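> Just so you know, the sequences run in chain order A and B. Residue numbering for the first sequence follows this note's numbering, beginning at 716 and increasing consecutively. Residue numbering for the second sequence follows this note's numbering, beginning at 716 and increasing consecutively.
Everything labelled a hint here was simulated from the structure, so no lab data went into it. Please read all numbers here as calculations on a predicted model, not as lab measurements. One thing to keep in mind: the hints can contain errors.
No distinction is drawn between identical chains; accordingly, a pair holds when it is met within one copy or between any pair of copies.
[Unchecked claim] Straight-line Cα separation of at most 35 Å, DSBU-like style, residue types lysine-lysine; simulated pairs:
hint: 1; residue 1: K754; residue 2: K801
hint: 2; residue 1: K764; residue 2: K903
hint: 3; residue 1: K777; residue 2: K806
hint: 4; residue 1: K869; residue 2: K903
hint: 5; residue 1: K903; residue 2: K922
hint: 6; residue 1: K922; residue 2: K869
hint: 7; residue 1: K806; residue 2: K834
hint: 8; residue 1: K777; residue 2: K850
hint: 9; residue 1: K754; residue 2: K872
hint: 10; residue 1: K869; residue 2: K777
hint: 11; residue 1: K903; residue 2: K806
Number of protein chains: 2
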Amino acid sequence: MINAPGFASTFEPALLDEIHEYGEIRYFGEGDIIMDYGKYIRMMPIIVKGTIKVLRMDESGKEILLYYLSSNESCSMAYSCCVQAKRSEVKAIAEGDVELIAIPHSKLDEWLCKYPSWKNYIMRSFSERFLELLKSIESIAFHKLDERLISYLKEKKRLSGSSIIRVSHYAIADDMATSRVVISRLLKQLENDGRILLYRNEIKLLKDF
Amino acid sequence: MINAPGFASTFEPALLDEIHEYGEIRYFGEGDIIMDYGKYIRMMPIIVKGTIKVLRMDESGKEILLYYLSSNESCSMAYSCCVQAKRSEVKAIAEGDVELIAIPHSKLDEWLCKYPSWKNYIMRSFSERFLELLKSIESIAFHKLDERLISYLKEKKRLSGSSIIRVSHYAIADDMATSRVVISRLLKQLENDGRILLYRNEIKLLKDF
DNA sequence: CACCAATAGTGATGCAGGTCACATGCAGTA
DNA sequence: TACTGCATGTGACCTGCATCACTATTGGTG
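Could you put together the complete structure from these sequences and hints?
Right, here's the structure in full:
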């Protein structure tokens, strides 16, 4: 039995039963690749616990972070790929331990008409993901790196629920599609401004963050 | 009767009849605002003729072009907003004359279960729009302005079907969220490289474009 | 024609951020 | 302890793009 918070209030009882019956629970550890570029997607994941990061790669091989998915969220790109039997355009990686329910392809369509709460969930998921992408575009197009870095750190804090972020400068640079040197410099600046403290593989956000 | 190419092959006959019965045909001219930020969306548009450009604005008021929509395409953001009775996050402007069919809110859901071709259309629309946004992110994040400008001109050529593009440097700069001066310089560079010819309010793409 | 507004061309300057090079420091292991 | 690999700090330099300032050209209108 899945006891994710919000699950019961999101789906109607009959649908919950079906989710439990047909959904397959899967576990992933830090860094596991849950979905990869070009792979066919046969299941749609709903995250029960943990955080997944979703990436996009350009032709030259550079990757950029699109958004994070956490409890009770799903990737609507997986949904539309699944329904249309298309290959994935993105990669999904587990951030720490992740527990998710994989819904088989055949049920997705069936539930759409059968359960209003399912349709609502899917539609909400679509628009949330759209909004994430829009925010991502805005961020890259209009904001300078220092602002983007601050947003990044805030998001990390939100997801982990802690002011202490365990991550290397290199990993941040990777997510933000820039270089380690640049991130190190900006972080040092934030430290000088008294907003964070830097340690090896660890960043501590101070009060006003 | 709508005689858009592809329409008949996209939707099954019974659905086509319903589209004709319940869909409301609307016409727009150059620059007309078809949809605006914060407005409620009560109809979903399917474009019959012409091109629509879809924009996003950040807090500070700067706008950037997300993508173009043309014949037989639709805006899935409109769809999900519509279904969820949410406000628009984007603005849509007519590029030249546009003819579209507005599908009333109440029919969207009904058809989803009733007509497989409708569901397929909606799902395809979702993933096409996702892909556009992903390409947009890639473009901004990884490509330099000159490359982006070339892509922009190619897209304009594709949409108009002509190698002669009627647009001012200022308008291009607006779409690409940069300044007129920068665009003028890059265009002049392209002209010096023998790839385009510049006239007032007009750009002629040469052979290798 | 004369005037004005829109469009376009171009030099000068400044800054953000990418890149290279190298030093330092920490942690695990032989 | 000495060695090795990873993480970080920092100076030097360069490029792309934004911004300012000014000029030149064109088309439309009184």
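> Failing hints, ascending?
none
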